[in-house]
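Protein chains in written order, with our numbering: chain C, 1 to 231; chain H, 1001 to 1821.
Don't read these hints as lab results, they were simulated from the structure. Glycine residues also receive a C-beta, built at the ideal position from the N, C-alpha and C atoms. Keep in mind that the hints are not guaranteed to be accurate.
Within a straight-line C-alpha distance of at most 25 Å, the following computed BS3-like cross-link-like pairs (lysine-lysine) qualify [to be verified]:
no., chain 1, residue 1, chain 2, residue 2
1, C, Lys212, H, Lys1625
2, H, Lys1115, H, Lys1076
3, H, Lys1679, H, Lys1625
4, C, Lys212, C, Lys69
5, C, Lys212, H, Lys1478
6, H, Lys1288, H, Lys1478
Not the full set, but computed from the structure, chain H residues with beta-carbon under 7 Å of chain C [claimed, not checked]:
no., residue
7, Gly1432
8, Leu1717
9, Leu1789
Here are some of the chain H residues that sit facing chain C, going by a computed Cβ distance under 7 Å [what the hints assert, rightly or not]:
no., residue
10, Leu1436
11, Gln1529
12, Leu1712
13, Glu1786
14, Leu1788
15, Glu1793
16, Ala1794
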Amino acid sequence: MTAAPIHIAGERLMLDPSGVLIWPAAGLLAVSDLHLEKGTAFARRGMLLPPWDTQATLDRLTVLLRRWKPKIVVALGDSFHDRGGASRLPAGELDRLNRITEACRFIWVLGNHDPTPPSGVGGESVEEFSIGPFTFRHEAIPGAAPGEIVGHHHPKALIPARGTAVSRPCFVTDARRVMMPAFGAYTGGLDVRDPAIARLFPRGGRVFLLGKDRLFSFAMGRDFQFKSTSS
Amino acid sequence: MPGTLPELFAAWFAAQGWSPRPHQLAMLDAARAGESILLIAPTGGGKTLAGFLPSLAALAESPSERLHTLYISPLKALATDIARNLMRPVEDMGLPIRIETRTGDTPANRRARQKLVPPQLLLTTPESLAVLLSSPDAPLFFGGLACVVMDEVHALAGTKRGDQLALGVSRLRILAPGLRCVGLSATVAHPRAIEAFVGASRTIAVADGAPPSISMMLPEGELSWAGHMGLEAAAQIMARIADAGMTIVFVNTRAQAELMFQALWKINDSTLPIALHHGSLEIGQRRKVEAAMSEGRLRGVVATSSLDLGIDWGGVDQVIQVGAPKGVSRLLQRVGRSNHRMDEASRAILVPANRFEVLECEAAIIGVAARELDGDSPRPGGLDVLAQHLLGLACSAPFLPDEVYTEIVTAAPYAALSRKDFDDVLAYVEHGGYALAAYEQWRKLFRDSEGRLHVRSARIATQHRMNIGTIVEAPLLKVRLVSGRGRIGPILGELEEYFAGLLSPGDTFMFAGRLLKFLRIHEMAVECQEGGTGDPMVPAYEGGRMPLTTNLADGVRALLQNFGRYDVLPEQVADWLRMQRAVSRMPGRDDLLVETFPRNDRWYLVAYCFEGRNAHQTLGMLITKRMERYGMAPLGFVATDYVLGIWSAHQPHDIARLFEQDMLGDDLESWLAESSMLKRTFRNVAVIAGLIQRNHPGGEKTRKAVTVNSDLIYNVLRQHQPDHILLRAARADAATGLIDVGRIAGMLARVKGRIVHMVLSRVSPLAVPVLLEIGRESVRSGDSEETLLAEAEAIVAEATSEQQPAWSQQEMPLHAGVRRR
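Given only the sequences and the hints, what does the whole structure look like? Please build it.
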C-alpha cells in the first residue's frame, strides 16, 4: 500500500488507497461515510441485501487501524445509515466497535443520516471537530476557511481509458479542502463533475482514485476533460 | 373432417374477395377439439387471423361478458396494431366483442375499468400479464379465459421475457382449467422446443412461400481487409435506394447506423427522404419514422434490429443488409421485411464490409437456400425470473410450496428445475436466503400454520408490482438539445452513461443522425447543441453486437475447405484463400489451426476458432493467463467473430498445452470472479430478482441520491456466500451469454488432439484481417481496471509533461503516521 502525501494549511496529510486520511503529526486517522447497518436499513424497506455489510466495513477498518495505529479516529459523519442503525448492530459487531472506540480517542462527527449520537456505542459525538488548522465536518461549507476535511458526497470519478471508462471512488482536494470518499461496503458515489461537488472546488483541484495498492491521480477539470485517446 | 367457416364468417371472407386458407380452417378444427397448437407460417401467411379466428367464431356463437382470449406479443406496438386490424372484421360482422390493449402505456383509469368490465379480447405483453397475475383478483379476472395466443413466440422463447411468459401461462392454466394455448411463430430451427414452450400438442406448419432472392454486392475497388462499417459501399447503396420504391438498410449496431446514415446523407444529392431508426432514439421519433414508412413517404430507412420484428409496413421493396448477417434465421427475418406477400419472392442484397464477411455472406446465402435455420437451443429458465414470479404469486394469494413447484415445472423452461433450486429461490424470496439469518424480522413472506406462504405487507406487494419486468437497461442518460440561448429543446433519445462519461464540453458526437456538440450533463440528461466541429465520436453500446451463430460458423469453415468452389467467390477473395493455402493451410472442419509467426519485435499467435466474438474474448483472457504462467509474456489480444489473435514478447510453444480443456476450471473461476462481465450479469440478475429495486413507491430516483451499487453487493456476497442462489444465477447467465463458456467447452473437446500448429516466418494472408483489427478494438489485457488507470495517468503526465508535482507518490513505511511523532 502506497499512501500519497498532500499539503494543506502547512501540514502534511497522507491519503491511503483504502480511502482513509491520516494526519501523521497528530496520529489522527479519518474515515468517512461508513453507513453501518445499511443492509438492515434497506431490509426494513423490502430490499434484502446481503447482511454482511457492517462486518465487511469493520473488517477493512480494523486492518487500517492496525496498520496506522492512530491515537485519534474521526468518523466523518453518516457513520450509521440511519438513526436506529446503532441499535441494530449485531452483538458481535457492537463488541468490536466498542473495542475500537476504547482503544483510541474516537470521535463521531454527526451527519445527515445519523444526526443524533449513536446509542450504546463508545466515543464522543460532535457536530464538527476542530484540531490544529483543521476542521472535520460532515458536509462542506462553501467558502469555509482552509483546512476543511469533509465527506457526505461520496465522490467518485470516471476516467476514460482505451475506449472505455473506469469509475472509482476518490479523494478530491484543492489547496483548502479534502473531500473524502465513502468507506462503507454498500456506498455508491456521485461523479465529481456534478455541480454539487464541482462548485466546492471552483478553481479545480485533484482527484485521487482509490486502487488496490496505490492511488491514481488526475487534475480535476483538466485531465479528465481530455479527449479520449482511442475512441 | 374438413374444416368449414361459420356462415357469417364465410360471407365476410367472400365480401373481401378472400377464401380461407387451409391452415386457418385447420386452426378452427383444432380449437373445436380443444387442442393447443403451434402455428408456424412465414410472414404474410395470414397467421394472426388464423390465431384469432377460432376465438371470434366461438364468441359469435356464444357471446360472453368475461375475458375470453388473451393475446401476448413481444411488442407494445404490435399489440396496438393487431387490435386495430381485428376491429375491422369484428365491426363488419357486428360481433359482440370488445377488443382492448393493456400495456405499460395504458392509463390507470382504463386499466381500472378493464378490471371491472373486461374486454373479450385483451392484447398485452408478458410484463403486463405478470402485473395482472400478481393482483388478488387474478383468479376472478382470468377465471373464464379460454385461449391464450402467443405471437412471435420464437422471439420470446429462450429469453428472460420468454421465461416470464411461460411462468405466467403456467399460472393461467391453473386459474382457467381447460385453457387452450396457441403459439404463432416464424420458421425456426427448433420447432419441437417452441412447441413445448407453447404447451402445444402438435404443430401446424405452412409451407414457405417463394424462396427469397438474395445477392451480394461488393464495394467497388479493393475489398477491405478489416472493419465492419461498410461505408465504402455508400454510393452503391444510394444508387439502389434511388432505383427502388422503399428500401430498408439493415446494419448490425447502432453506431454503424449513425455512421451509415451520415454517409448516405452526404451523397444524397437528390435529397431523397431517408430516415434513421434504432433502439436509442426517442420513442416518438421512432414512431414518426414508422408512420412515414407505412404511409409510403420514405424511400429509405437505416435500421438496426429495432425493425427486425414488428408490424407489417407493407410496401418495402428491398432489404439491404450491410455487414455480415451473423445468422441464417436472423437474415431470413430481415429479408422477410421486404414484400409481405407470401407468393412473391423477397429481394435482399448483402453488402459485406470486409473479406471475412464475404465468406460469411456467401455461407449465409447457401444456408438460406438450404433452409439451414440456426439459433440457440433452449436454455433452462432464469432463476431470477422465477424469484420475481414467486413473489408475484404470493402477492396474488397465499400458496403452498409443493403445489407451486408442481405448477412451475409445467412451464417448459423450468421442466428440469430441481426441487433444491426451487427451494433456494423460494428461501431467497422469503428472507434473502443468506447463510447468516439476519433478516428474520424483515422477511418478505411468512408461513402460516398450514405452511402457506403469505406476503408480509401490502407495501411489499405494491413495491413488487412496480418492479415487475425482465428488461434491465444499462444506466442511461437522456440526450437533450439546448438552443443557443440555453432554452431547453427536445429529447433526441438516450445514451449509455459510460459514453457520456467519455465526453468533454465542446466534443462533437454523432447521434440521431445529427452532429452534436456536448455542453454538459445536467439532471440525468446530456445537454448538447446542434453543430460542432472536429472528429465526431460515435456512441457504442454494450452488447450491441450479435456473435456469429454456430451454424454459420460451420458454413464459413466448410466454404474455406471447399477448394473447388473458390471460383464462385469474388476473385480477390479467391486469390486471398489460394495464397493462404500456398503459404500455410486452411482451417479444417474439425481441427483447430493455430499459426504463430514473428513480426517486428513481437510474436503473434492466431487461432482460427470460428466460435464468435464473445467466446473468443473469454478464450483470449484464459489463454493469455496461461501464457503468462508459462513465461511467454503475452502483451495483449484481439477477438473477432472468426479468430483470436494474441501477441507476446516470447515465442509461443507447446500450443496443445495452451488449449487444454482444464482451463475451464480454476482459471475460469478466478478470472470470472473479477470480470466486469460477471458483475454486469449480476446486476441484471439482482434487479430482476428484486434484490435491487428500480422503483420505489412515491420516489423518483434522482442522480444525487446515493443508491446501492451492485458491484459492491456482488463483492460482499461473493466473499461471504459464494454459492448464493443469485450468484449461481449470474454464473449460469454469463456461461450462455457474454462469456459463452458453452461454445468454448464444445470447441476444446472437439479439437483435442487435433490442433494443427503452423510455425510461420511471417504473417499469413488469413491472419492479416485480425492484425488490422488491433488498435480498432479496445484491447484489454488480463489485469483490467488498475492497468487502465495507471496507463491513463501516465498518458496525462506525458501529455502535460508535468514536473514531478508536490503530491507525487512515495513509498511510506508502514506505521509511519504515528511513529514519526
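>> Of all the hints numbered above, which does this structure not satisfy? Sort the numbers upward.
In response: The structure breaks hints 5, 11, 16; every other hint is satisfied.
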